[in-house]
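J.: Here's the letter readout for the chains.
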Amino acid sequence: MSPAKIKQLAAEGRHSEALAELLVQARATTDYSSYLSFCRLLPRVVDAAPEDTHRQDRLRIAVLGGATTDFLKAPLDLELLAIGKPSTIFFANYNSFVSEMLDGTSPSVTFRPNVGVVLLTPYNIADWPAVADSAERVDSLVDRTVSHWLGLCASFHAHTNCEIVLSNLHLLQTRAAGSLGAKLAWDPNSYLREINRTLARKAPAYVHILDIDTLSTIYGISNWVDPRFWYHAKQPVSFACTVPYARNLAAMIGALFGQTAKCLVLDLDNTLWGGVVGDDGVAGLKIGQGDAEGEAFKAFQEYILLLKKRGLLLAVCSKNDEVNALQPFAELPDMVLRRDDFVSFKANWDPKPGNIEQIARELNIGLDSLVFVDDNPAERELVRRSLPQVKVVELSNDPADYPRLLDQSGWLEVVKLTEEDTKKTDQYLQNMQRSATQAQHGDYESYLASLEQRAVLRSFEPQHLDRITQLINKTNQFNLTTRRLSRSEVEAMINREDVVTAYVRLIDRFGDNGLISVLIGHVDGDTLIVDIWLMSCRVLKRGVERLLANHLFERAREMDLRAVRGVYIPTAKNKMVENHFADFGFARTATGEDGTTYWEAPVKAYRPEPVQISVSMSTDDVV
Amino acid sequence: MTEEQIWKRLTSVFHDVFGDSDITIGPETTANDIDEWDSLSNIQLLVAIEKAFAGVKFNTGEVANMRNVGEMVSLISQRAR
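Read top to bottom, the protein sequences are chains A and B.
With this note's numbering as the guide, the letters of the first sequence map in order to residues 171 to 793.
With this note's numbering as the guide, the letters of the second sequence map in order to residues 1441 to 1521.
Everything labelled a hint here was simulated from the structure, so no lab data went into it.
Keep in mind that the hints are not guaranteed to be accurate.
Simulated crosslink set (DSS-like; lysine-lysine; CA at most 25 Å straight-line) [to be verified]: (1) Lys404(A) <-> Lys1448(B); (2) Lys432(A) <-> Lys743(A); (3) Lys243(A) <-> Lys1491(B); (4) Lys404(A) <-> Lys1491(B); (5) Lys711(A) <-> Lys743(A).
All chains should be modelled from the sequences, with the hints used to inform the complete structure.
T.: Below you can see the structure in the form of structure tokens.
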């Protein structure tokens, strides 16, 4: 669809269609000029749209840099919209980052950002080693440079309490000592590498490194920079590479605020192996050594396995007879992926959108956390039209490109990996065993008893901050208020006397479900107000809801409070908890125009609910 | 490439870059004549011209000192293949 057609859609009042079309087209284009024309069109489509009814607050992003950042304005806007994080962005003046970050009354501070983006280039380095400087001398220069920048971040963080995205540095195009430079500490590129390593090592939890070093290497440093425009306008990156720059930055900001992929949905024929198993037979498929294409498909499977190991779930969605689709997994030794690497396996002749919806339902995750990978452009188009929330990766017709294209899609960015992530697939497979047990038991209470559930229930502790923050930022369904908090904001609640915090970790005879529920409340006069109550859907109706309700009233009683109050803020995704407070005997006190409901229950009248979970308040005796 | 062909293609580059197909250009046209022509879109314009005309590359001095569209056209006609 051309820009003119998109304009026409907008003029006809079909704004959301126009916007969706624009974002898909812009992300699919590889040509910078046409990308820019979509950027220019964006304000016309957005400004013409009726007031945003989305209740989620816009993010506030301050962009600071040691270079011109104007070039990022339009692309960053577009990329943030495309990942579902519309934002208000403040661009600080050129090269003003030092004063902006130190001064508590600077425009960037008073803007009250959720995220500060600090973009640096090698030109921002004040101290370079002299020729023949010793390794010790170079180390001290590295320390000075890194301390200066992280010190600025600390100051900005103290002023704003925001998360900070700090770019590291690309290398130079020149090598005064040639290849020997790799061995010399004073060599400019050796120095830059050491600064990047030290930044990564010393960055505190609120500083997230935007890895320009690797990104510029992937695209080639000679493509990444255009020195003419640096000298002319202090433009730090070439136009051709502006898009990956903005896309990576937006993906990182999205990931910081919960926009992360949870499951890869994969086609089989000509996506995971070469050929069509139903036609060519297992023996005719290309996978593994001995065939160029087969090696390319194998490399793609290896990349996918790595994604699985770091926490992504895998699912199959293929037009095939199931018995044929399973055969290669069982019979071909060169297949890297195995049947049990997948938590869901849909091989049938039904349209893919229906299968994909079913996968999301089975796994209890939102459609927007699915990434769909299919070599067939028609299937991709169908999924894009039918399920606009699903992220669809554009593949080429060459398997050698697949890993890179999936990797550069920007859908897979992640800011934190927790222990839970690396065990994700196991946890889902255990869940399936639990469902099978439930089917045997018929009666739900006896099923719960058969699970032999144990839980740890404790106030927030520093070692669990990453996981708690992750849950707060990505839980959408069982979430009463969908309030998002940064790690620093969560940390600030530990040990506050007027704040009640609790997390639950649940273990049963099939395995450890990990830390799966979070509750935060604060005391206001004689009432305890519930600010956040959320739970991972994979432990729905296992009793953790009741366990936390009992705990909530217990804490209120200990603090001698009169009542507990709660609020339910409706979103597109959390309808499942609209009656949550009613279920625990709360009375509705008010209803807002936007559907928000307010609830209250007296502490004295609360009767604890029965729970089939043995609870431990200490972490030791349960594991 | 004839002068006429250059003007035709250059005009369409201007239309693309500034998103306005009503723009007309002549030898005396400068940044003052086109609202959206600022320092950022100037770089976008030069990159788009280099892409539209094979063989054309502006050096650093030309990037900084080009005064009007006439100068652009004369550089393009010297270098375009």
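J.: Give a verdict on every hint.
T.: Each hint tested on the structure:
no., hint, result
1, Lys404(A) <-> Lys1448(B), "violated, 31 Å"
2, Lys432(A) <-> Lys743(A), "holds, 16 Å"
3, Lys243(A) <-> Lys1491(B), "holds, 23 Å"
4, Lys404(A) <-> Lys1491(B), "holds, 21 Å"
5, Lys711(A) <-> Lys743(A), "holds, 18 Å"
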